Every structure is written in structure tokens, then in C-alpha cells.
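Please model the entire structure based on the sequences and the hints provided.
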Amino acid sequence: RFNAWIESYSGKSASVNVPASVGDCDMVGIDNNCFSFNKTLKTIVVPKGIAEIGSSAFLGCTALTSVSLPSTLTKINFWAFKNCTSLSILSIPSSVVSIGDNAFDNCLWYTNQSDGIVYAGKVAYKYKGKLADNSSVTIKSGTVSIADYAFTDQKLTSVTLPSSLVSIGEQAFSYTNLKL
Numbered sequence: 001r002f003n004a005w006i007e008s009y010s011g012k013s014a015s016v017n018v019p020a021s022v023g024d025c026d027m028v029g030i031d032n033n034c035f036s037f038n039k040t041l042k043t044i045v046v047p048k049g050i051a052e053i054g055s056s057a058f059l060g061c062t063a064l065t066s067v068s069l070p071s072t073l074t075k076i077n078f079w080a081f082k083n084c085t086s087l088s089i090l091s092i093p094s095s096v097v098s099i100g101d102n103a104f105d106n107c108l109w110y111t112n113q114s115d116g117i118v119y120a121g122k123v124a125y126k127y128k129g130k131l132a133d134n135s136s137v138t139i140k141s142g143t144v145s146i147a148d149y150a151f152t153d154q155k156l157t158s159v160t161l162p163s164s165l166v167s168i169g170e171q172a173f174s175y176t177n178l179k180l
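Be aware that the sequence shown starts at 1, since it is given in my numbering, and climbs by one per residue.
To be clear, the hints were calculated from the coordinates, so they are not data collected in a lab. Just so you know, these numbers come straight off a predicted model, no measurement behind them. Mixed in with the good hints there might be a few duds.
Taking lysine-lysine and the PhoX-like style, the derived pairs with C-alpha atoms no more than 20 Å apart in a straight line are [claimed, not checked]:
hint: 1; residue 1: K130; residue 2: K155
hint: 2; residue 1: K130; residue 2: K140
hint: 3; residue 1: K155; residue 2: K128
hint: 4; residue 1: K12; residue 2: K42
hint: 5; residue 1: K128; residue 2: K140
hint: 6; residue 1: K179; residue 2: K155
hint: 7; residue 1: K48; residue 2: K12
hint: 8; residue 1: K39; residue 2: K75
Listed below in C-alpha cells is the structure:
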């Protein structure tokens, strides 16, 4: 058997069930820009076996309201769901260990999150809101990674990291007041 990625979708269906396999190919990823700017897509079911969602895969899918993600998913790349302004039903599995910059920006799901550290799966995705001067944050136990740009431009002076942490994303603490 071979591994393959879903490269593009040009259909107009409101609901899509991504196939787990096509012929001799097992689907392992959704490629960059695959569904981007699709204005009719409302719900999508991503099957078990998919491990990665590419950059801008669903960018600008403004009608998208619900996404079902599998327990095999480990990586969501930058801008994957950016500007999915109606996306409110989204459960990110604990298998996800990497999330790119602005993956959920301008999504109803993110807008509805409380101010503070927003967690997605086992990832500290982003700090929502603004920290006061000389602030400290504690990343919760069980967190395995901090997303790219997660705390950029925050007024942090200290961070407590859990022993479970294995990676810190690009520019995660850029333009803060942290001192090494």
C-alpha cells in the first residue's frame, strides 16, 4: 500500500467525508490550500489515518461550521483554519502535538475561547488577550508543545514550563520581556 495526500477539492457539497483510502493509497494528509476559499462547505469529517493538515488547507471557508478530527492527527499547519468565521464545532484530539501560527485566527471557535492560554490538544496554542506588565504564566502539566508565536508581544517576565514539554515553536516568546 502507498500513502497519499488529498491534494485538492473543487466540489460544491455542503458536507464532505474525506476518504480514508483511494485504491491502493491510504490517505495520511490534507494538502496545503486543498479546500481553501470553498464557500459552500459546512461540515467535514476527517477520517482516522490522517496525520497532518496542511497550511491554509481550509483558509477562508466561511460557511464551515463543524470539523471532526481523528485521533491519528498530529500536526495542524499555519493558517489551516484561518478565517473560517463560522467554525464553532471543533474538538482537537490529544494526539495533536504541533500547531502552526494563526491556525485558528478569526474562527468562531477561537473567538469563543476565554482570555488566557488557549490549549488545543496537548498544545499551548496562543495567549488570547493581553497580559499586564511584568506578568508570569504557567503552562499546564501534560502540555507537550508551545505553538509558533504563542506568546509574541506579551509582557511576560517569567514562564513556568511543565516536565511534559518537548518542543517550543518558532518565535513562541518573541517580543516579550523574558530574560535568559
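Status of the hints after comparison with the structure:
1. K130 <-> K155: Satisfied, since the Cα-Cα distance of roughly 8 Å is no more than 20 Å.
2. K130 <-> K140: holds (19 Å)
3. K155 <-> K128: holds (13 Å)
4. K12 <-> K42: holds (10 Å)
5. K128 <-> K140: holds (16 Å)
6. K179 <-> K155: With a Cα-Cα distance of about 12 Å, the restraint between K179 and K155 holds, given a limit of 20 Å.
7. K48 <-> K12: Since the Cα atoms of K48 and K12 sit roughly 23 Å apart, the hinted pair is violated (cutoff 20 Å).
8. K39 <-> K75: violated (24 Å)
The structure fails hints 7, 8 (numbered hints given earlier, in ascending order).
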